Each structure stands twice: as structure tokens, then as C-alpha cells.
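If you read the sequences in order, they're chains A and B. Quick note on my numbering: the first sequence kicks off at 1 and runs consecutively. Quick note on my numbering: the second sequence kicks off at 1 and runs consecutively.
Source of the hints: derived by calculation from the structure; they are not laboratory data. Keep in mind it's a predicted model, so treat the numbers as computed, not measured. One or more hints might be untrue.
As the list claims (entries may be wrong) - No farther apart than 25 Å at their CA atoms in a straight line, the calculated lysine to aspartate or glutamate pairs in the DMTMM-like style are these:
hint : chain 1 : residue 1 : chain 2 : residue 2
1    : A       : K4        : B       : E205
2    : B       : K157      : A       : E106
3    : B       : K233      : A       : E106
4    : A       : K18       : B       : E335
5    : B       : K277      : B       : D204
6    : A       : K18       : B       : E220
7    : A       : K18       : A       : E34
8    : B       : K233      : A       : E10
9    : B       : K238      : A       : D9
10   : B       : K157      : A       : D70
11   : A       : K4        : B       : D387
12   : B       : K374      : B       : D360
13   : B       : K222      : A       : D9
14   : A       : K24       : B       : D204
15   : A       : K18       : B       : D231
16   : A       : K65       : A       : E10
17   : B       : K238      : B       : D184
18   : B       : K222      : A       : D70
19   : A       : K18       : B       : E193
20   : B       : K314      : B       : E263
21   : B       : K277      : A       : E27
22   : A       : K24       : B       : D360
23   : B       : K185      : B       : D231
24   : A       : K24       : B       : E220
25   : A       : K18       : B       : D204
To be verified - Residues from chain B that keep clear of chain A, each with C-beta distances beyond 12 Å, as calculated:
hint : residue
26   : G192
27   : L201
28   : A213
29   : E220
30   : Q225
31   : K241
32   : F247
33   : D261
34   : E305
35   : A325
All C-beta atoms, glycine included, are put in the ideal place defined by N, C-alpha and C.
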Amino acid sequence: MAEKLLNWDEVLIGGTIKDPGNSKQYETGSWRVERPVWNPDTCIQCMFCWVYCPDSAIKVDENGKMAGIDYTFCKGCGICVEQCPSKPKSLKMILESQAKGKTEEELRKEVFSSEK
Amino acid sequence: MGKKVALTGNEAAAHAIRQINPDVIAAFPITPSTPIPQTVAQFIADGEMDTELVTVESEHSAMSACIGAAAAGGRVMTATSANGYALMWEMLYIASGMRLPIVMAVVARALSSPLNIHGDHSDIMGGRDTGWIQLISENSQEAYDNIIQAVKIAENKNVMTPALVAQDGFNTSHTIEIWELEEDKKVKEFIGEYQPLYPMLNTDEPVTHGAWAPPNWYFEHKMNQLRGLLDAKDVVEKVGKEFGDVFGRHYGLYETYKLDDAEYVIVAAGSVCGTTKDVIDTLRENGVKAGLLKIRLFRPFPYKELADTLQSAKAIAVLDRVSPAGAQGGPLFTEIRSALYDTQTRAPIVNYTYGLGGRDTQPRHINSVFETLKRIVETGKVEKQFDCLNLRGEWR
Numbered sequence: 001m002a003e004k005l006l007n008w009d010e011v012l013i014g015g016t017i018k019d020p021g022n023s024k025q026y027e028t029g030s031w032r033v034e035r036p037v038w039n040p041d042t043c044i045q046c047m048f049c050w051v052y053c054p055d056s057a058i059k060v061d062e063n064g065k066m067a068g069i070d071y072t073f074c075k076g077c078g079i080c081v082e083q084c085p086s087k088p089k090s091l092k093m094i095l096e097s098q099a100k101g102k103t104e105e106e107l108r109k110e111v112f113s114s115e116k
Numbered sequence: 001m002g003k004k005v006a007l008t009g010n011e012a013a014a015h016a017i018r019q020i021n022p023d024v025i026a027a028f029p030i031t032p033s034t035p036i037p038q039t040v041a042q043f044i045a046d047g048e049m050d051t052e053l054v055t056v057e058s059e060h061s062a063m064s065a066c067i068g069a070a071a072a073g074g075r076v077m078t079a080t081s082a083n084g085y086a087l088m089w090e091m092l093y094i095a096s097g098m099r100l101p102i103v104m105a106v107v108a109r110a111l112s113s114p115l116n117i118h119g120d121h122s123d124i125m126g127g128r129d130t131g132w133i134q135l136i137s138e139n140s141q142e143a144y145d146n147i148i149q150a151v152k153i154a155e156n157k158n159v160m161t162p163a164l165v166a167q168d169g170f171n172t173s174h175t176i177e178i179w180e181l182e183e184d185k186k187v188k189e190f191i192g193e194y195q196p197l198y199p200m201l202n203t204d205e206p207v208t209h210g211a212w213a214p215p216n217w218y219f220e221h222k223m224n225q226l227r228g229l230l231d232a233k234d235v236v237e238k239v240g241k242e243f244g245d246v247f248g249r250h251y252g253l254y255e256t257y258k259l260d261d262a263e264y265v266i267v268a269a270g271s272v273c274g275t276t277k278d279v280i281d282t283l284r285e286n287g288v289k290a291g292l293l294k295i296r297l298f299r300p301f302p303y304k305e306l307a308d309t310l311q312s313a314k315a316i317a318v319l320d321r322v323s324p325a326g327a328q329g330g331p332l333f334t335e336i337r338s339a340l341y342d343t344q345t346r347a348p349i350v351n352y353t354y355g356l357g358g359r360d361t362q363p364r365h366i367n368s369v370f371e372t373l374k375r376i377v378e379t380g381k382v383e384k385q386f387d388c389l390n391l392r393g394e395w396r
């Protein structure tokens, strides 16, 4: 995230932002304590997670289908898990410490193996 | 030509707002300012204005709606008093921080408790550091004139800062005085069309208002905001002169009354200045060199200019219509005294609290202040740096 830090007499009046969409430069993924893990095998593609995610951190493929979590921006709020209507849930929260050093595929197996 | 009318201070404010005809007013009624939005609502119902009047459920919501409408690019006004103003407190900082030139008529009133609906300056003085421009009016004419000028001051491109115009609750707001109502057309010409800087409704150039500023940005934004507020001083002076050129009543940063050679000087703001001028006239007839420095612009505080006018005084009394609340004196006193520290004069300076909760301040009370100033000069001693006017029991 390279941003130019402006002096007091250079900033835009009233904290106004003229280049909308610049929140992409702000990687909020580092805030996470917990993370959602996604199970495509039980996902019913209702897209509730995409609707409710406050950070647009649900990845969508070219066919408009749920394609995973964007961990660069996901803050780990858990709203997607709360909203997931499939039974069993296709999204589950785990601690970041549990995820450390593991691939997404490894985590999926670990979290959802009991539900197969 | 304007015409002489006999109307209250609240009606003066309402007529100014009618002539300005802002895009949006969001307001919630509270005594003693209620007749302002009430009269404005009548003007709208009668088709004399086409302002969108938003009736909200609280003053916090009123200021919030004003902020939204101003960010959208509208010319926005409101009115309030006392606890309503206090309930706006959080939003007042947001309006000034977002640099939205909202103009608000404040009818100054005591803050509870004890519950009291009458005039004093507890509300506006409590909000003096919210980043708003503060103009204080002595009478209905000034309330009317100041609201018109405030629009032009607040919307100046170097300023872009909200402004409040205060008048004293009941003393001015509910008192019928004769004042000059100018022609609608001339007022509209004077204020001109508002050109917002970054209106949200301009979808061709999308902007974000009210965004977050983390520690590496916030400080710079607040100092940028301060520059705008400080730059308002010159604009107040410029607009006051322009207003005088068009309407015949000139305004500066402050007003002096028989101050040039005055030895005994009162510094005050608001309706008490009328009483003080009257007392000064009588004292002058008896050869006493009494004078008044009337505060008009309280924020930004023109400390240098005010201090310069006080250099010939032999003794000074500052009247605050608010409790010092644990400070060395009232806000006007501490600022005037601080301003004098950098100048040559070492004239004794004392502070009075007066008029709390609508307590009457009569000529004899003002006269007692001048008597005390005379005694201070004669004896060279200040017995009490702080005292009260018209309080039952001696303050100690």
C-alpha cells in the first residue's frame, strides 16, 4: 500500500475523497483473528454470503458463482457464516492460529471432514 | 429600498431565511427559537419559499440531516437553542470537519439544570470550540443582517465553514423592535448562487464525504480545517463592508461605542450591549469617560484587533453571560485577558457573570460596574477579580 502522505495545506478540503474505490488500497485482511473456511461440496450457491459481506470479500467467478474468500480484505467478521443457509453450513469460522502454514485445501479437509 | 418593520428577533431571523430561500432546512422546535422554523414553515405553506423543510425527531437528527443535505450540495440552514444545540454537539464537529457551510440561527438560552428556558450564553459558549464561525447579535436588526452575511461568509471558498448567528433568548427573540427589512431581490443578489465544491449528487464526479482518517491523516485534516476557520476573519470584515455598501449598515469584527478616549471600558456581547450604551450616554453627560467594546465575531476570535482597541483603557470589565464553570473567569474574560498579555497595557481587568437563566440586567447594574472600575483606578486595587451582577447575596 503505497500512499503519498500529503501536508496539511495539500489535503483536500473536509477530508473529501475524489478517487472513489481507493479502499482497495487498504488491505484489511491483516485485522483478522478468525477466518471463514468454505466448503464447495455442500455450497448451494445462494450467494447470501456475497450479499451480506460488508467488505466485498466473497470471490465470484465469471459465471457469477461463489468462488471462495478473498483473504486480502476479509476481516473475519463471521457474517457470511451466520447467513449461510445450507445444512450443514458451507462456511465455518476457525482461528487464524489454526490456519497458519496450511493451504486452503488442507484447511477444508480439516474443518469439514466430519461432515462428509 | 427596504422598509421599517416592527417584528421580533425570531421573525427577523425567519425573514432572513425566507429571503435566502435555502435548498433544505432540517429543524426541531425548542424554546425560544421555535418561532423561527414555525414562521419559516408558514412561509413555505404560503408559497413564499420553496425550501425542503425536514421535520426530524431531535436536534441531533436535525444537524445530521443538514450535514447530509449540505454534502449533497445544497444550501442548508437550521435554528435551535440551548439543550437542542447541546444535543447537536457531536454533529457540530462533523459539519465543521466536513467543511459544510451550514448557517444556523441560535437563540441563546440557559442549559438545564435547573430547567430554565430563558436567555443566557451557556449554549453558544459551550460550543465555542466546535469549529463553527460564531457571530453574536445585539438586536433584531443585527440578527437579520448577520444571518444574511453569514451565508456569504460561510460559503466563501477560502472559508467553507459552518456559521452560527446568535441572538439572546427572549431579550431579542421575543421582543418587538423596529428594524429594516431589505428587498428580497437585493438580499438574493447580495448572497448570490451557492456553488458547492464537491456535491455528492454530481454523479459525473463521484466523491466520498465523511471518510475515516487514521492517525497518519487526521492531524493534517484538522489543521487544514483550522486554516479555513481562521481565514473567516478577513472574510467577515470584507462581507461586513460589502453589506454596508449595499444596505447602509456597515459591520466589522467588533463594534466600539465611545471607546476612543474611554478610561472605563466594558467588554460584552449580545443584548446587554444596548443597556450598556444607554448607561454610557448618561455617564458621558456627567463627564465620565466610559466606553464599550462589543464582541461581534467570537469565533474565530480576533484577539489582536480586540486587544488593540483596549490600549487606552485604565480599567476593563468583561461581562460573561455564562458561569466560568471552574475556569479563571468566563470564556470572554479569559480570552480578552490572554489577548492583552502580548500588548503594552497592564490595565486592571475584572470579570462579571450576569444574566444567567434570563436574570434581568438593568442600567443600575451596568452603572455599578462602571462605579467599580472607577474605584479600581482611584485606589489602584482590584478587590474582586470575579463577581456577579444582580445575584442575591454577595459572591465569595
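Quiz item: B/A213: least C-beta distance to chain A exceeds 12 Å?
Solution: Since the minimum Cβ distance to chain A is about 6 Å, B/A213 lies within 12 Å and the statement is violated.
Quiz item: Taking 12 Å as the cut and beta carbons as the points, is B/F247 off the interface with chain A?
Solution: The claim holds: B/F247 sits with its nearest Cβ about 30 Å from chain A, beyond 12 Å.
Exercise. Would you check the hint for B/K314 and B/E263, treating anything up to 25 Å between C-alpha atoms as holding?
Key: Holds, at about 5 Å.
Quiz item: Between B/K238 and B/D184, does the CA-CA distance stay at or below 25 Å?
Solution: 22 Å, holds
Quiz item: A/K24 and B/E220: Cα distance at most 25 Å?
Solution: With a Cα-Cα distance of about 22 Å, the restraint between A/K24 and B/E220 holds, given a limit of 25 Å.
Exercise. Would you check the hint for A/K65 and A/E10, treating anything up to 25 Å between C-alpha atoms as holding?
Key: Answer violated: A/K65 to A/E10 is near 43 Å, above 25 Å.
Quiz item: Can the restraint linking A/K18 and A/E34 be considered satisfied, given a maximum Cα separation of 25 Å?
Solution: Answer violated: A/K18 to A/E34 is near 33 Å, above 25 Å.
Exercise. Please settle this one: B/K241 was flagged as non-interface, so is its CB more than 12 Å from every CB on chain A?
Key: About 26 Å separates B/K241 from the closest Cβ of chain A, which puts it past 12 Å; holds.
Quiz item: For the pair supplied as a hint, A/K18 and B/D204, is the alpha-carbon distance within the 25 Å limit?
Solution: 11 Å, holds
Exercise. Starting from B/K277, check that the Cα of B/D204 is at most 25 Å away, please.
Key: 55 Å, violated
Quiz item: Under the criterion that the straight-line Cα-Cα distance not exceed 25 Å, is the pair A/K24, B/D204 satisfied?
Solution: Roughly 21 Å separates the two Cα atoms, so the pair holds.
Quiz item: Given the proposed pairing of A/K24 with B/D360, does the C-alpha separation stay at or below 25 Å?
Solution: Violated - the C-alpha atoms of B/D360 and A/K24 are around 61 Å apart, more than 25 Å.
In this structure, the earlier hints numbered 2, 3, 4, 5, 7, 10, 11, 16, 18, 21, 22, 23, 28, 29 and 30 are contradicted, and the remaining ones agree with it.
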